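*Asks:* The listed protein sequences derive, respectively, from chains C and Z.
Under my numbering, the first residue of the first sequence is numbered 3, with each subsequent residue one higher.
Under my numbering, the first residue of the second sequence is numbered 640, with each subsequent residue one higher.
It cannot be assumed that every hint is accurate.
Stretches of chain C that chain Z covers, calculated by requiring three or more beta carbons in the stretch to come under 8 angstroms of a beta carbon on chain Z [claimed, not checked]:
# : region
1 : 47 to 53
2 : 199 to 210
3 : 231 to 242
Straight-line Cα separation of at most 25 angstroms, SDA-like style, residue types lysine to any residue; simulated pairs [what the hints assert, rightly or not]:
#  : chain 1 : residue 1 : chain 2 : residue 2
4  : C       : K20       : C       : R36
5  : C       : K74       : Z       : T877
6  : C       : K117      : Z       : E884
7  : C       : K117      : C       : A67
8  : C       : K20       : C       : E582
9  : C       : K513      : Z       : A838
10 : C       : K117      : Z       : N831
11 : C       : K20       : C       : A39
12 : C       : K6        : C       : A39
13 : Z       : K1010     : C       : H73
14 : Z       : K1010     : Z       : G1022
15 : C       : K6        : C       : P25
16 : C       : K117      : C       : R94
17 : C       : K117      : Z       : D874
18 : C       : K74       : Z       : N831
19 : C       : K513      : Z       : T1085
20 : C       : K117      : Z       : V833
21 : C       : K74       : C       : A124
22 : C       : K529      : C       : H128
23 : C       : K513      : Z       : A891
24 : C       : K513      : C       : Q387
25 : Z       : K1010     : Z       : R989
26 : C       : K74       : Z       : G872
27 : C       : K513      : Z       : G1082
28 : Z       : K1010     : C       : A72
29 : C       : K117      : Z       : D888
The set of hints was computed from the structure by calculation and includes no laboratory data.
All of these numbers come straight from a predicted model, not from anything done at the bench.
Each residue gets a CB set at the ideal place from its N, CA and C atoms; glycine is no exception.
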Amino acid sequence: MSTKNLGDLVNTARQAAKAYERPDLESRLAVVARTVADDRARVLVVGEFKAGKTELVNAILGGRALPTDAHKATTVPTVCVHGEQRSVTLVRAVEGGQEQQQISPTQLADHVTEKGNPDNAAGWSHAEASLPIEELQGLRLVDTPGAGGLASPASVSTMAEMPGSDGVLLVCDAGRELTAPELALVRTAAAVCPTVAVVLTRADLHPQWRRIAEIDRSHLDRAGDRLRAVPVLTTSSALALHGAENDEASLVTESGVVEVRRLLREDVVGGRHARRTRMAADEVLVVCEQLAARFRAERDALADPARAQRISDELERSTARVAALRDRAARWQQTLNDGTQDLVSDIEYDLRDRLRTVTTDAEAALDDTDPAKTWEQFAPWLHQQVSAAVSTNVVWAEERTRWLAERVATHFAEDGEGVLPPMTSPEGQPMSADPVGLLAAPDHEKFGFSQSMLIGMRGSYGGLLMIGMMTTLAGLALINPFSIGAGLLLGSKTLIDERKRALRRRQAEAKQAVRRHVDDVIFQAGKNSRDMLREVQRTLRDHFTSTAEQLERSLNATSQAAKAVEADGAKRTARLADVEAELERIESLAARARTVRESVGPARLVGA
Amino acid sequence: MSAPAPAARLTDQARAVVGNAQRLYATGGPDPATDWARAVLHDARSRLDEPLRVALAGTLKAGKSTLLNALVGERVAATDAGECTRLVTWYRDAPSPAVLREDTDGRRGPVPFVQDREGLRIDLRGVDPARVGRLLVDWPSRGLAETTLVDTPGLDSIRETNSRRTLAFVTPDDRPSGADAVVYLMRHAHRNDVGFLEAFADLARGGAGGLGAVGASGTVVVLSRADEIGGGGLDAVTTAGRVAEAYRDDPALRPLCQTVVAVDGLLAESARTLRQAEFTTLQALARAPRAEVDALLLSADRFCAADPPAVVAEALASDPDGTRLDAPARRALMDRFGVFGIRSATTVLRRGARTGRGVTDSVSLAEELVKRSGLEELRDVLGSRVVGRRDVHKARSALLAVEMVLARAPRPDSGGVAAELERVLTGAHEFTEQRLLAALRQGQVTMPAETQPEAERLLGGDGPDPHARLGVAPGEDVRAATLEALDRWRTRAESPLTSRAAAEVARAVVRSCEGALR
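Please put together the full structure from these sequences, using the hints given.
*Replies:* Take a look at the structure:
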C-alpha cells in the first residue's frame, strides 16, 4: 500500500463527504490527508560520544557523506534527507525565526565537528544534508552529537528530540557491554519511540562481539518488558565502507549494515507507514459509518412506515446524549481540565526542582575557583547541566501528556457508549473505545498535539539555549573586562585584601549570572511547557467536541431522514432503491478502507 | 636520582607527624571516634614503609586488568570479554604466591587459586562477594617490587555494586584514599571520567596548606585500547598518541593529571608474555602473501573464519615450516593480539625477513611490539613522575590521614600535632611545587604567557628529574642550564614589576633550581 493509494482512499472519502453535504466530516478528513502526505520517518542515531555514530550513518548511506575523525567529534546534529542534488543547509534560531545558510558539502567538517566549530560556538541548531542516496527515501536520518563528551555541552538535547521520532538507533562499541548511562538512554528511547535498536559498531576489531551481543541481550531482557523487544544488531562500518569503495557487495553483507538498513526500511519506515495507514483507514471507516447511518435509518423507515416514528424518537434520544457529551460538564472535559492543571504544576515543579540542584552545584563550584579564570570551562558545564535538566523534563512531560490524552479518550468513549458508532476494527478491537490505539496508531498526529508540542518545544529549546547563551555572554562581559582591569591595577599595588575582595565580587557576580540564567530558563521553559499543555488541552477539546458535533449532525440527519418518509407507495419503492444504491456505494468505500487496514497488520502500541 | 635527600626528609617528617598523632590518640577512652582514628593512623603509619600503592581505575572494560598484566609482565589478573573484575584486588610482591580474602569485617583467610593462560582463577568457594572487602594477591614479581598495583572494578557498570567498590576504595568518604597514585584508563575523555579525577585530586582543597593539588601529580591518564581509537590501522597507536596530546592540553584534564599517554594494553600484555608458539604462527603469517593476509585482517571475524577464502587457505597451508594456521590457532592469535597487534607483528616480521635486520626472533619482536603498544612511554612516565615522587605521594597520604583524624575526631589537646602538621604542609617545598603547578594549570595564578610553560617545567611539571625540569637532553650539561635559569628567575622574583602571585611562583622556581643544583 503506497502513500499515493492511501491518499487516494482518503480523497475519495473526502469527495463522498462533500457529495453528502457533510463539510464537517470533509474537514476532518482533510487533516488526515495532510498527515498522510508527509511520509518521512525521523530516525535519531544516538550514543556516547566517539562511539562511531557518524561512521555508522556513512556505512548506512554507503559512502563517506559525513565527516569523521579519530579525535574531533560531531558537535551539530546533521539531518540527512533524500534529494536530487547534493547540498547542505545550516540552520540556527535567531530572534523571531530561523537563519539558514547554504554551504558546500565539502565544508561540512568546518561547521559540524569540533574541528571547525568546537562547542558549536556558531550556535547552529542543525545541518540539513540532502543527498542523492536511495537508502534515504522516506527517511530523515539524524546524526547527533554524542552524549558525555567534554566538548559537546548541548548533546543531551538529543534526548528532547526523542519523543515524536519514529526510530532511535543507540550506537555503542562492540568491545564492551552496555554501560549504565547507555542502558538508561535505551530505556528513555523505548518509552517514547516506536522502534528502538542497539547497534554495536566496530565488530571488525572485536573477535568477542558475539559474547558482547549476548551479554547486552541479557541486560536488555532483564531491564523490563519494553526493552525485551529492542533488537541488538552488530555492524562494522569500516567493512561496509571498504566494501562500498571497492565494490565488494559480500563485504557490505558481512558488515551487518544491511540488517540496519532493513530495520530502517521495514520497521521504521514500514512501521510508520502502517501506523498512518491504520489511522487513515480508521478515519475513513468512521466517516463511512456516519454517512451510512442516515441511509440505513431511511431504509428501515421506508421498509416499514409504521416504525418510522419510533426510529426517529430513538434517534432523538441519542442526539440528546451526544449533545451532553459536548457539554462543559461532561466527564471527559473535567478529566481534561483538571488533568491539564495538575500537569502544568507538576511539570513546572519538576523543572524547578531539577534546576535548583543545578544552581546549588554551580554555586558550590564557583565558591572554589576564580570565575575570571574558570568561566570558559564553567559556562559549557552549566549549559550541559541545564540542558540535561530541561531535556529530562521534556521527555517526562511528553510521557505524562500522552497518559492524560489516553484517559480523556477513555472517558469520552465510555460516556458515549451505545451512541458512538459501534465499530470494530479488523482485529476485533472496538475502535472508538480503543483510545490507546487511536493515540498510538497515528503517532498522535491525529490530534496534532504531539507535533505542535514538539515544534513548540524544539523552537523554544533552541531559543532558550540562545537566550541562555546571551545571558552567559552578558555575565562574561561583566566579569572579564573587570578582571583584566583589576589585574593590571593590582599588579602594581599588590593589595592582598583588595584582591580577595575582587575575587569574592567576581564569585558573587558569577553566581548571580548563574541564577539569572537559571531563572530565565525556568521562565522560558516553564512558559513553553504551559503553552504546550494549553495547546494540548485545546487540541484535545476541539477534537472530541467536533467528534461529538459530527455525531450529533449525523444523528440529526438520520432522524430527519426517518421522519421524511414518503407516503406514496410507488415513490417509496423508487426511493428505497436509491437508498440501497447509496448504501452500497458507501459500503464499497468502507470495504476498500478495511482492505487497506488489513494489509498492514494489527496495531502495536508505542514502546511495545 | 641525584637529590633524594629532601624527599627522604619529607617521609621522615610525615612519619614523625603520624607517630605523634598515634601517641596522642593512644590515650583516651575507647569510643568509636578514637577507635576509628587509631585504625586510620595505624594504616597511615604502615603505608609509609610499604611500596607505593597505585590503583588502576577507569570505566567498564577500559582494559585495567590487561594493563596490569602488561605492567607486571605476567598474566595474573584474569581478563574476559564481559565485565570481569568485580572485587578490588591488590597485587603485592612477596616471596611466594598466595591469595588472601579480606572480608568487610576485617577478617582474613586464604583462598585457593590456580593460574592458567587467562590469569589467576580465584575460587571464592561460594562466599558472597558482598561480604568480601578486597582480595590480596601475593605474587613474586619484579614488576611489583616498587609499587603495589591495585586492580579495581569498572565505573559506570550496570551492576552498580561493582562500581561502588571502586569508589569506596579510591575516593572513600570516611578515610583517606586507599591509593597513593592512580593510573586512570579511559577510551575518550568523558565527563564522568573528569568527575572521578576531580574527586581523587580533591582540588577543592587546593588552597594554602591543602594537599589536594598534590593528588593530581599522582594521576596518570591512559587512553587505553589505543588501537581502537585509530581504527586498528597500522598507525592506530600513533593516531591515539595525537589524541592523547590534544587531551594533555585540554583545560578540563590538564589540572587533574600529570600527563595523558596512549597505550594498546592488549598488545602490551601479549608482547610481554609472548610465547614461542605464537611467534612461529606470526612468522608463518608474515611469510604468506601480503595481499591475502591483509584481506583476512579486514575484520576479526574474517581472520577467525573456519574456512577462509581459497587463496588464503592455500597460502596458509603451504607454509614451509608446516606451521598450522587453522581456525583455532588464528582465533587464539586474534584474542591475544587483536587486529592491530597482528598487523603490526606481521609488518615488522616481514621487514625483518626482507632486510635480515631488526625483528627476526621472538625477543626482538616482543621488544618492538612493546614499543609500538605505547607501554614503554607509560612505564617511563610512571617511573619518573609517579614512582620517582613516591615519597611525596606517600607523605601526602599519611598527612591527609592525620588531617582527617584531627578534623573528625577532634581533641582539646591536639594543638601540638596540628601545628606540626601545618609546619610540614607549608614548609615542604615538594608540596609547594605541586600546589603552584595546580594553581598555574587551573588558572588561579597567571603568569606572562611566555614564562608560564618554563615555570611549570622548572617546578617539575614534566617530571622531577633535573633534566626534565631544565628541558635538556640526558647527558647534556644540566648545571650550566640550571645556573642560567636560576639567574633569570631570581631577577624575576625580585623585580618590582612582577605581580605578587607571580613573584611567589618565581621564588618557588628559584628554590626548585637550587634543589636541582645539589
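*Asks:* So, for every hint listed, does it hold in this structure?
*Replies:* Hints and how they fare:
no.	hint	in the structure
1	47 to 53	holds (count 3)
2	199 to 210	holds (count 7)
3	231 to 242	holds (count 3)
4	C:K20 x C:R36	holds (17 angstroms)
5	C:K74 x Z:T877	holds (16 angstroms)
6	C:K117 x Z:E884	holds (15 angstroms)
7	C:K117 x C:A67	holds (17 angstroms)
8	C:K20 x C:E582	holds (19 angstroms)
9	C:K513 x Z:A838	holds (22 angstroms)
10	C:K117 x Z:N831	holds (23 angstroms)
11	C:K20 x C:A39	holds (20 angstroms)
12	C:K6 x C:A39	holds (8 angstroms)
13	Z:K1010 x C:H73	holds (22 angstroms)
14	Z:K1010 x Z:G1022	holds (16 angstroms)
15	C:K6 x C:P25	holds (23 angstroms)
16	C:K117 x C:R94	holds (19 angstroms)
17	C:K117 x Z:D874	holds (21 angstroms)
18	C:K74 x Z:N831	holds (19 angstroms)
19	C:K513 x Z:T1085	holds (22 angstroms)
20	C:K117 x Z:V833	holds (22 angstroms)
21	C:K74 x C:A124	holds (16 angstroms)
22	C:K529 x C:H128	holds (24 angstroms)
23	C:K513 x Z:A891	holds (20 angstroms)
24	C:K513 x C:Q387	holds (15 angstroms)
25	Z:K1010 x Z:R989	holds (17 angstroms)
26	C:K74 x Z:G872	holds (18 angstroms)
27	C:K513 x Z:G1082	holds (19 angstroms)
28	Z:K1010 x C:A72	holds (21 angstroms)
29	C:K117 x Z:D888	holds (15 angstroms)
Checked against the numbered hints above, the structure violates none of them.
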